[in-house]
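Heads up: the sequence lines are chains Y and X, in that order.
The numbers in numbering that gives the first Met the number 0 rise by one with no breaks, and the one at position 55 of the first sequence is 54.
The numbers in numbering that gives the first Met the number 0 rise by one with no breaks, and the one at position 206 of the second sequence is 205.
Treat the hints with care, as some may be off.
DSS-like mimics (lysine-lysine), calculated; alpha carbons at most 25 Å apart, straight line [to be verified]:
1) Y:K24 to X:K332
2) X:K116 to X:K188
3) Y:K178 to X:K178
4) Y:K24 to Y:K131
5) Y:K178 to X:K131
6) Y:K90 to X:K178
7) Y:K208 to X:K332
8) Y:K188 to Y:K208
Keep in mind the hints are simulated off the structure, nothing from the lab.
Protein chains: 2
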Amino acid sequence: MIDKPRLNSEIRKDPVSGRWVIIGKDKGYVPAVGEHITKTNIKNCPFCAGNESCTPTEIMRVPDNNDDSKWRIRVIPNKYPALVIEGKVKKEGIGIFDRMNGVGAHEIVIETPEHTKTITDLADDEYFDVLKVFQARMLDLKKDERFRYILLFKNEGIAAGASLEHSHSQFIATPIVPKRVAEEISGSKFYYNYKKRCIFCDIIQLEKKFFQERIVYENNSVIVISPFAARFPFEMWVLPKEHVSSFEESNDELLKYMSNAILTSLKALNRVLENPPYNIILHSSPVTNNCEREYHYHFEIIPKVKKIAGFEWGTGFYINPVSPEEAAGYLRKAGNL
Amino acid sequence: MIDKPRLNSEIRKDPVSGRWVIIGKDKGYVPAVGEHITKTNIKNCPFCAGNESCTPTEIMRVPDNNDDSKWRIRVIPNKYPALVIEGKVKKEGIGIFDRMNGVGAHEIVIETPEHTKTITDLADDEYFDVLKVFQARMLDLKKDERFRYILLFKNEGIAAGASLEHSHSQFIATPIVPKRVAEEISGSKFYYNYKKRCIFCDIIQLEKKFFQERIVYENNSVIVISPFAARFPFEMWVLPKEHVSSFEESNDELLKYMSNAILTSLKALNRVLENPPYNIILHSSPVTNNCEREYHYHFEIIPKVKKIAGFEWGTGFYINPVSPEEAAGYLRKAGNL
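Same shape as in the complex, but just chain Y:
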């Protein structure tokens, strides 16, 4: 059992735009240019079954159905965390600058014991178990009063930012609500105040009634759309059809349909773009939930098929060469949806 090293990081706020950044404060680290993935195999991969001693102390596991000594899903602290779990949140102002210490949780959910599998190799009910683990960890992390937001994301493939190829998702619990999420919530609240309706519920109704061409897939409880103003080619949003603001409040029936919808969409994506790198990001209510009526949780699936150039960084104004209507068409066709 190896325990994670102490990290020296802090959280800083840009005084002009208000965005937050985790800044590493370890001396002597210069990142290499370009792409790096730790090439591993079953022998040296810390996420593989049999190599459990290479990871920090396990947080939870789902045992194998047939052999209780084995596991199907495993949650561990990140060995190289962006934030550390110990300590109180200490805020400090230095002139116009705001900083706080790098307190937070950073966990890894290993989604399969097998090195060469990814989530699209799982059956719907196996990925449902992964979603249940996500839910259990969120409910537990929510109890920690220091945390304001719990971010859940998956990087699949080098270009999407994965540093280990064995399939996993990550949780980062932070003492602040990140800017993009705060903006979405503020937009949702603005709309709700005006209409007394959830904007995501309205989007779903509009897409179903008038713009079926942007619907990738739907089942009993979940709809997948390529959104009207998609930033990226083949971007997808996976939404519960009924209003639910927080992922962790999903009931098991919804999570079963969610598992089916995510896997079905990813399989269609894999067929159209030949197993592209992608990110999955959960957008859900902050811990201090005061947007139960206004916000509507969803997963964003973002394939990495396009370099983001200076234009996008500089402006938050994206160029997407593939319209969502056309992308949804390709995905429906490829998936026989």
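Once you have looked at the hints, place chain X on chain Y.
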């Protein structure tokens, strides 16, 4: 002379977050996964001297000092523009969705006739001429009443989004103010209303008085800092020391010092990170300038040394493993600054 093909694009607004996206509407385009740069050489590069007939009609040029038939800098329309110059801006609402037609300008500034040179191979006075060309094009594009913002950026290297290796910058003039810029301006205005001072002027004063460790370089009129909440390792902001809100209002003396500061910083960066890919993005007042006192123009230099992973996309909350204090130290040392 080849004229640029007509493009079918529109500009859409995300109803939740308010961000704008240019959506390509050409049918049948599926992007390839991964990185692509058009490998060219002097024979087939449209930006090289001698191949002028391969580009759309020239907008302006700076002739060679010794031979008037040759050029040193050349401006042309982008052959594959994200927006097209013809037509009125037509806005349309469809339910909660906002769209407008893809009207705008998209120009290329070829910064040298030589295929293998980049701007760090130019002398300060040669890059000053490039800055003067930027200024002339901005003053001209500003006259077009359809445009609200003129974005200037450079992608150097494949990983930074360049699609042609011959050194060039790009202008995109848009009928909307992009979200990130609007946020910076709104942050600046908020601060100004409170303090009656420009926030960037205050940052410069603070950095000089108390935090010299984040200063990369300064000359008579320009300061280069690695900002307090840098999103990326070795991110730099290049700012006029005196308050100027719009780049195009710079006088020649300032532009000379600006040229020196940009090139000096890039050369130091090239030494530390061995010629990394990078983006340069101008942040300047919108065309309909109503932030003369509040906003302060600057160039952002962003080396691409780190994959942006799901965490960053999902949240606008960045992890930067290299503190700006340490980055500035490396840059000063490498550049003997």
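Evaluation of the provided hints:
Restraint check for Y:K24 and X:K332: satisfied, since their Cα atoms lie roughly 19 Å apart, inside the 25 Å limit. For the proposed pair X:K116 and X:K188, the alpha carbon gap of about 40 Å is over 25 Å, so the pair is violated. Restraint check for Y:K178 and X:K178: the C-alpha separation of about 13 Å stays at or below 25 Å, so the hint holds. A hinted pair counts as satisfied when its Cα atoms are at most 25 Å apart, and Y:K24 with Y:K131 does not qualify at roughly 35 Å.
For the suggested pair Y:K178 and X:K131, the alpha carbons sit about 36 Å apart, so the restraint of at most 25 Å is broken. Straight-line distance between C-alpha atoms of Y:K90 and X:K178 comes to about 28 Å, which puts the hinted pair past the 25 Å bound. Distance check on the hinted pair: Y:K208 and X:K332 sit about 62 Å apart at the alpha-carbon level, beyond 25 Å; violated. For the suggested pair Y:K188 and Y:K208, the alpha carbons sit about 24 Å apart, so the restraint of at most 25 Å is met.
In this structure, the hints that do not hold are numbers 2, 4, 5, 6, 7, in rising order.
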